[in-house]
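Peer 1: Sequence order for the protein chains is X and Z. Those letters in the first sequence? Residues 37 to 301, by the numbering used here. Those letters in the second sequence? Residues 14 to 321, by the numbering used here.
By construction, these hints were calculated from the structure, which means they are not laboratory data. Positions of the beta carbon are idealized from the N, C-alpha and C atoms, including for glycine. Just to be clear, a hint being listed does not mean it is correct.
Claimed, not checked - Part of the chain Z face toward chain X, derived, beta carbon under 7 Å:
#	residue
1	Asn117
2	Asp191
3	Pro313
To be verified - Far from chain X, by Cβ distances over 12 Å, these chain Z residues were calculated:
#	residue
4	Glu144
5	Leu166
6	Val178
7	Ala309
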Amino acid sequence: MTGAMYDQISSKGATLEARNIDLSFGGVAALVRCSLRLEPGRVTAVIGPNGAGKTTLMDVIGGRLRPDSGEVRLDGADISRMPPHRRARLGLLRTFQIARELEGLTLFENLLLAGQGRAIEHPLAALAGGRRHRRAEAAVAARAHGLLERVGLVGQADLPAGALSGGQKKLLEVARALMVSPRILVLDEPTAGVSPPLARVLADLTRDLAREGLTVAFVEHDMDFVQNVADHVVVLAEGQVLASGSFAEVTGTRDVIDAYLGRAA
Amino acid sequence: MIAFLVTILTLVAIAAILALALNLQWGLCGMVNFGLVGFFALGAYAAALLSLAGAGPALALLGAMVITAACGAAVAALSHRLAEEYLAIVTLGFGEVVRLTLLNESWLTGGALGLPGIPSPTLRLPGPGGEHVGFLVLCLIALALAYLVVERLARAPFGRLMRAVRDDDVVAATLGKDVVRVRIAAFAIGCALLALGGALHAWHFGYIDPSQFTPIVTAYAFMAVIAGGRGSNPGILVGAGVVMLLIEGSRFLKDVVDFVAADQLAALRLILIGAGLILFLIYRPQGLGREYRRSAASFPTVPAPASS
Numbered sequence: 037m038t039g040a041m042y043d044q045i046s047s048k049g050a051t052l053e054a055r056n057i058d059l060s061f062g063g064v065a066a067l068v069r070c071s072l073r074l075e076p077g078r079v080t081a082v083i084g085p086n087g088a089g090k091t092t093l094m095d096v097i098g099g100r101l102r103p104d105s106g107e108v109r110l111d112g113a114d115i116s117r118m119p120p121h122r123r124a125r126l127g128l129l130r131t132f133q134i135a136r137e138l139e140g141l142t143l144f145e146n147l148l149l150a151g152q153g154r155a156i157e158h159p160l161a162a163l164a165g166g167r168r169h170r171r172a173e174a175a176v177a178a179r180a181h182g183l184l185e186r187v188g189l190v191g192q193a194d195l196p197a198g199a200l201s202g203g204q205k206k207l208l209e210v211a212r213a214l215m216v217s218p219r220i221l222v223l224d225e226p227t228a229g230v231s232p233p234l235a236r237v238l239a240d241l242t243r244d245l246a247r248e249g250l251t252v253a254f255v256e257h258d259m260d261f262v263q264n265v266a267d268h269v270v271v272l273a274e275g276q277v278l279a280s281g282s283f284a285e286v287t288g289t290r291d292v293i294d295a296y297l298g299r300a301a
Numbered sequence: 014m015i016a017f018l019v020t021i022l023t024l025v026a027i028a029a030i031l032a033l034a035l036n037l038q039w040g041l042c043g044m045v046n047f048g049l050v051g052f053f054a055l056g057a058y059a060a061a062l063l064s065l066a067g068a069g070p071a072l073a074l075l076g077a078m079v080i081t082a083a084c085g086a087a088v089a090a091l092s093h094r095l096a097e098e099y100l101a102i103v104t105l106g107f108g109e110v111v112r113l114t115l116l117n118e119s120w121l122t123g124g125a126l127g128l129p130g131i132p133s134p135t136l137r138l139p140g141p142g143g144e145h146v147g148f149l150v151l152c153l154i155a156l157a158l159a160y161l162v163v164e165r166l167a168r169a170p171f172g173r174l175m176r177a178v179r180d181d182d183v184v185a186a187t188l189g190k191d192v193v194r195v196r197i198a199a200f201a202i203g204c205a206l207l208a209l210g211g212a213l214h215a216w217h218f219g220y221i222d223p224s225q226f227t228p229i230v231t232a233y234a235f236m237a238v239i240a241g242g243r244g245s246n247p248g249i250l251v252g253a254g255v256v257m258l259l260i261e262g263s264r265f266l267k268d269v270v271d272f273v274a275a276d277q278l279a280a281l282r283l284i285l286i287g288a289g290l291i292l293f294l295i296y297r298p299q300g301l302g303r304e305y306r307r308s309a310a311s312f313p314t315v316p317a318p319a320s321s
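Whenever a hint applies, use it, and build me the whole structure from the sequences.
Peer 2: Below, the structure is given as structure tokens:
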């Protein structure tokens, strides 16, 4: 039952390419000729010391920030100048480093909002209130319930999202993004502030989604999580890609150790 | 006494319509409208001018609502890049623009002299003052319809969309929602309701001039929404009633308090109303009602939660 609902969560993954992204804030270069390729069925981790530009890169991919130069392509199409909501409609979904729940909505309503289509959320649909719209909304609700079962938050469904714990809010964000049928899922520090049992739920979910063909990327500091979940690791430092490859390859690189521990003088 | 009561209830109905409109814009969608009185005045003048030009009440009302909604949509669209507090400034400015235009474009609006002799619709009920009771009935029907519309919007997926835009527009956008369109729609619908209130106001008095449209009207609407509970339409009906009763009821203070001069009492009334609102905010800051939240179990497709 749960499995059947869960099967519909992701559509087929897409390829996302960020090419030669440059972005500076004032005089500070946050990203320097930064490139990243995300592929269907693969989990890519972006790691690096604080201030390396990881979240900035996620913001460029998601559309919150526009790069000074370089381009972002989704399945080959240039989406560099597309606003975030249009990228989301193409299936590019992201979560935030500090969970941004919609605090005035319940957990369940957060998911309903994400899953409800444009036809049923039109004001005229509200006034007409046809049976077709009610049925469509009920289908969204069923899907939301299935996802909450999957992440183990059914008991909290009707709580205001603002009342959830930090870890529960992170799960809410992932579940909410999954309501939109993503093709690419970008998670910004999914385990920050998350208790170990919830982090395991997240790790399993991420692996399962990638196995189903979804394109997944995340920024993370927890190296156990990275090792367990990521197929491919990209190391950023001072806005540049320092290394990429498997976890073992990357962590054995001298430059990476230097970047994290500080260069020996 | 009956005549006075009918008048009070008519004013309460109009104030409630304004408060419901503000609740849609600010309570649910997070758009501060400090120029509420400007849209109210626009609706009143449009309805009055159309009525004076010989248009039937339905046509005059429709015209007023369309014109005001269009202006609201334009204001929302022009200020869509502005954060909440800047929208407050823009709407405040809009309200002043409307007031000054009404005052100075006397070829159209009659200027400070206003527009007299506005023909108004009513139901001809029997008995003394039947036409006033009839107009009250019309106002109550309008209020009921307005309530139905805003409550349906609040409970529908569109209501969630508005609340999401209010809570965090960045999140709404990352979920694929077109935040600008939501804001424009919510603001325009609210402005159409403000025009409905304006038309009823113009018809009720039969005479309008710019001095009736002072920022205090905006303040009363905010008081009603704050007292009623932001987001809660049933609460706002009560809130508007309470605020109007306080305002109108405190007129009778002069019968009880005889040691204060009449002009001082007028000032005292406003102080009392303000003090009442402050006490209310201290003891019940969330207001009387709570906004509608759709529970998971209310969907037929979701199994009822196991009791734990």
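Peer 1: Which hints, by number, does the structure contradict?
Peer 2: Numbers 1, 5, 6, 7, in rising order.
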